[in-house]
Structure formats: C-alpha cells, structure tokens
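Turn these sequences into a full structure, and let the hints guide you.
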Amino acid sequence: MSDTAQAAPDAAAQNALVPVTVLTGFLGAGKTTLLNHILTAQHGRKYAVVVNEFGELGVDNDLVVDADEEVFEMNNGCICCTVRGDLIRILGNLMKRRAKFDGIIVETTGLADPAPVAQTFFVDEDVRGRTRLDAVVTVVDAYNVIQTLEESPEAVNQIAFADVIILNKTDLVDEAGLEAIEKRIRSINAVARLHRARRGDVKLSDVLDQGGFDLQRALEHAPHFLEDTSHSHEADVTSLSYEVEEPLDAAKFQAWIGAVLQEQGADILRAKGILNYAGEDQRFAFQAVHMMADGGFIGPWKEGEPRASRLVFIGRNLNRPQLRRGFESCRAK
Amino acid sequence: MSDTVNDAMGPTLLERRGAIRQLEGHVTGCAIARDSQQVAFVTAEGDVVLADRADWGRGDAWTVQTVHDGAILAVAPDAAPTGFLTGGDDNTLRRMAADGSVSDLVRGRRWIEHVTTWCDDKGKGGVIAFASGRQVELRDAGGHGTLKVLEHPSTVSGIVFDAKGKRIAASHYNGASMWFVQAKVDTVRPLEWKGSHIGIAIHPGGEALVTSMQESELHGWRLSDGHNMRMSGYPSKVQSMAFTRNGKWLVTSGADTIVMWPFFGGGPMGKPPAEAGGIPGVMCTRVACHPVHDIVAAGFADGSVLMADTGAQRILPVCMGGGEAVSALAFSPDGCALAFGTEDGRASVVDLSAR
Chain A
1 MSDTAQAAPD AAAQNALVPV TVLTGFLGAG KTTLLNHILT AQHGRKYAVV
51 VNEFGELGVD NDLVVDADEE VFEMNNGCIC CTVRGDLIRI LGNLMKRRAK
101 FDGIIVETTG LADPAPVAQT FFVDEDVRGR TRLDAVVTVV DAYNVIQTLE
151 ESPEAVNQIA FADVIILNKT DLVDEAGLEA IEKRIRSINA VARLHRARRG
201 DVKLSDVLDQ GGFDLQRALE HAPHFLEDTS HSHEADVTSL SYEVEEPLDA
251 AKFQAWIGAV LQEQGADILR AKGILNYAGE DQRFAFQAVH MMADGGFIGP
301 WKEGEPRASR LVFIGRNLNR PQLRRGFESC RAK
Chain B
1 MSDTVNDAMG PTLLERRGAI RQLEGHVTGC AIARDSQQVA FVTAEGDVVL
51 ADRADWGRGD AWTVQTVHDG AILAVAPDAA PTGFLTGGDD NTLRRMAADG
101 SVSDLVRGRR WIEHVTTWCD DKGKGGVIAF ASGRQVELRD AGGHGTLKVL
151 EHPSTVSGIV FDAKGKRIAA SHYNGASMWF VQAKVDTVRP LEWKGSHIGI
201 AIHPGGEALV TSMQESELHG WRLSDGHNMR MSGYPSKVQS MAFTRNGKWL
251 VTSGADTIVM WPFFGGGPMG KPPAEAGGIP GVMCTRVACH PVHDIVAAGF
301 ADGSVLMADT GAQRILPVCM GGGEAVSALA FSPDGCALAF GTEDGRASVV
351 DLSAR
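Heads up: the protein sequence lines correspond to chains A and B, in order.
With the working numbering, letter number 192 in the first sequence gets 192, and the count goes up by one each step, no holes.
With the working numbering, letter number 220 in the second sequence gets 220, and the count goes up by one each step, no holes.
Hints in this document: simulated from the structure, not taken from any laboratory.
Computed from a predicted model, the values in this text were never measured in an experiment.
Not one of these hints is a red herring.
Derived contacts from chain B toward chain A, CB cut-off under 10 Å, selection only:
#1 Thr43
#2 Ala44
#3 Glu45
#4 Gly70
#5 Leu73
#6 Glu113
#7 Gly133
#8 Tyr173
#9 Asn174
#10 Lys194
#11 Gly195
#12 Ile198
#13 Gln214
#14 Glu215
#15 Ser216
#16 Gln239
Quick reminder that beta carbons are idealized off the backbone N, C-alpha and C, glycines included.
Written out as structure tokens, the structure is:
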C-alpha cells in the first residue's frame, strides 16, 4: 500500500478540472455546423460531445453521447434553481475515463433555457469537483436574429447567458445590418465576446478554452461598455456594470451580494465580477447564475494593473442606482 | 489522517489475507457470483477482471479481458449460480460465463446503466432486469426472452428487486415506481416525491423503499401505507446504501462516518442515525452489508476500507488509504470474501473464511 502518496496541490487540482463548453443557439442558427467545424478541425484534441440528437455529426473520432434534456427543480429553497439531471449523470460517467478526452462540449436544444445547464455546474458537488464551465457559446443567425429576439424570450436568455456569441451567416446581411444587430446584442449582453462567422467558420481559439468568467478579458473586448449608460426600458434584459476603486471588505460584499441574489435572483440571469478584497494580494473572481453563486481567488494582480473591483449584472428589472449604492457600500473602512 | 490510524494498528486485513491487482482505469463496479466462487471487477476502460476463489490471494493470477467498447457502467452476478452480466456506455448488455466466454444479450440505442438479477434459494425462477434511458426491461434467466418493458417518466437512476423477487422498483425524477414482476397487466405503483432521486434500496422484509436524493438526503416510503420518511443531515450525496441482512439498519455513505438508520422501534422516523465508525474528514463512498453476520463494510474517499460490527461498534481496518476513492465494494453471498475497487484502478479481494 502506498501510504506515502500525497494529495495533489490545489493549483494542480484546478488545472485537472475538465473544461466544459456549452453550445446554445436558436433552431437553424448553425450549432451543428459549428460543432462539426470544431470537431473536424486539426487541433489534436479529443472532445466528448453531449448532443440531443445523433445524426448530423460526422465524427467517429470523438465520444458522442445522446442525451434527453431532463430539467428538475432543486428542493433547496431557490425558486429558480433548475438543474439538468441528465448532465449530472452523463458527466459523472464520462469523468470515469477522463484520460480519453481533453474537454467536453454540451449542445442544447434550440429552445433551451441555458440557466439549468449553467446551474448544474454550481449545484452538483461531483460535477464541480471534476469539471469547470469554460464558456457558454451562443450561435446567432444574423439573418433572423432581430425577429427571433422580438418573438422569443428564450433567444434573449441565450444571448444574456453567453460568454461568447458567434454571429453566424453574416454573408446574408449587409454591414449596416450587422452593426445594428451587434448593437442590439450588446444592449442585452455587453460583456460577451462577439465574433462574426459565415458557416460556423470561427477560430477555435475564439470558442474553446475561454477561461469562462475572466471579466477583465471580457472588458478588454468591450471597452465602450463601461461608459455606456443608455439603456432601453427596464423589462428588457440589460447589462449593468460597476467599478469601485477602493478595496472591498470581503464579508460586507458577501453579505450584500447574498441578499441581492436572494431578493432579485429570479431577474438576475448572470452576475460576474473581479474583486479587490482588502488585505488580499490575489484577485477574487465571483460569478452567479440566478441565485447560485460561486467564487475563488484566481491569482495575483498583474503588474501596473489598476486594482479596481468590477461587477456586472445581466438581467431584467435591475435598479441601477440601488445596485451601485449597494456595491459602493462594500468598501473596506 | 489515515496515516495515524495506520500507525496505531498492525498489518491490515488486506495485507494478511488479501491480494491487490493494479488495473488500468477506474473500477466502476464489482460483483461476486451467486456460488461465491468468483469475483468480477469492471472498469471504465471496458475491462472485466475475473478472480477465481483459488486465486483470491494471488492478484497476478486474475484474468483481464476487454468486454465493452467503452466504460462498463453496471455489473451484477448472473441469475444463474455462475457468471456475470455487464452493461456499458457502448449500449450493450453482455454475459460473461465463469470460463471467461462472452455473449451479447442486448445491443441497444442508449447506455445500459443499471443491471440487477434475482433468483430463489434453489437457484430457480431467475429474472434479469436492466435499465436503459427511461425503460426497465425484464428478461428470463436465459437472457434472451423479454418478459416485459416498463416505461418511466424520466431516466431511471436505480433498480432493485424485493427479497422475494415479486416486485421491482425503479428510482427517477419525482419519485419511484414499483411493479409486479409476474403481473399479466402492468400497473405501476407510483411513489411520488418531488426532486431528483438518484439511487434506490428496498427493505429485505418489504417494509420500506428508500431513495437517495440529489439534495444530499434520503427519502423513504413505508410500503404498507405509503407514509413518507425523510432522512437528512448528510454533507454530501449518498452514493451507496444497503440494508443489513435482518433489515434492522439502513447503512449509507455520504458522511465521514458510516451512517446507520434504525428500521426498528418505530424508526427511522424521529430517530437519529447511529454512526458505526469512520475517518474524520474523509467521506465514506461505498457501503456493503455482510450476508450472514451483523457486519458492515465501508469504503472511503482516500481508498481506505474498514469493517464494523453493527452491535458492539468494533472497527476492523481492512485497507489503509493513500489513493483515490473506493468506487466498488461487495461481500460474497456466503460471506467469505470482501471485494473492493478504487477510482485509481486498485482491485482487491480479502478472504474472510475461517482458516
């Protein structure tokens, strides 16, 4: 018996988490085309793919699992906490042979709400212990998106949840049209990285290994966002962003954000932040999906980087000044 | 943690009367044939490892064979005295005879995640059950004749026969379903409770059906009147549970001690669970109950295995930790062997027979 074997250090354990990419998008937006593009590209990596229907995937190199989307409500007091039970089961079984692949891609059906998929990564201890949600990638059909957004709250949610948005079929729309579409998308989700594509022909580095919730990187891609204070009427999904330059009191922030999520979690689709806690050398990354929140230290600030805390909410019926006052009240004394 | 226990004890039971074989891949299950003459370990690499009774002390004598094209998700002793059934994520159910020969019973379209069998004391009346997606299929002991296909409202997460083989129960979302095995017309007895039920066990006297839930608690139904029971307080999900042979205790994983709920004297309602030893800060991941004596075995997240006496609360270390979690654990039907496997591919058999 090897009594001398030691537990792996924490950092190594973090790296050992298998990245999961969630692929959403409305019917006909080009999810399957993008998926085929990812899987057939010469990247030397292997993916396990969880799909909802077999058939159109032309791959035999990768592991493809057929799933039924089975969503259930958790009995944990969160009214909006729904989880993909099938995903817990499938990821659990896939992780028993993690050496066989480098990452997992989960494709959702066109009408799916991304919340249950995302919340699965917060709720289940085994999923959390072995995988990490790398990014929610939403494929948008440029030709139809404006109309789809008018007609379908699911489509709005898919954009709101995205870390990466692939604006597909851009050859069918002129430049002015594309700019209008991007503006509309930005009004919903100002922090997602947005890439144009024609037939799902995106760079893999734009879709995979996104490191999910790195807000600073997101903000680099949308520098105009922080200054943009215009927003449409309040029932629509919008993004609100806040910045506090002084260090935060960790306990105060936890208490405040906990109360905010408890009271307004149904309306907050996602929240993300990079926080500068007083007395800490490391950046604290915070993320939430509805009422489920999570956070951890993600390494030191870069040299010369301003140590400001940034927080973003994407949701409905958000009260901008109230949230600002709340966030600012978390400053350390 | 485990080191301190080790220092206090002499050689473990595994060192004195057992053998280890290092396998490639996660051990996803183990089973022992009904005649107690052979142990089978199955892995996420699709391998089946057979250990004949004569070789329980010699790991290098065990045979390894790749049986599934993918992970093996379920293993059970065959309904016959010898051999095993395995289900995998290659959507097949296969039979492995004692001599290692393999035959196909099912080639389906979904993962076969659960397999269980039943036969009476004389080895007669055998039934095979397996779950694939929302369906549970019952087959005769031969394995090729379908008796019935039972449909459920969502994916089945566990199946169990009652002790007499008269009923089969399946857990799924929002409760469990019970069916009569021999009924001419299939009528479900729905046992409803909102939430995701992820495992199932039945009292050997047929008094209660218990499920494990996503919210790290157990739910039970008293079968006489459908009365609901709730058993909570776990720090993590209960992956493994088993009733003791006489039905007095329901033994479970999910905490850093072996948790035992009393099913006597009015329990488990309103009664706290007993704790039969454990390892501080290390989660119990698998439990098994001895078929003859009042003894339970438990495997832990660091690879440790111990046995405990349900009455006197004595603890006997079987194997010290220092690796990954115990993911498979079983006693032989005659109680003469304990087999266990871990996520990092260690497979072990300990000979418990009198010498």
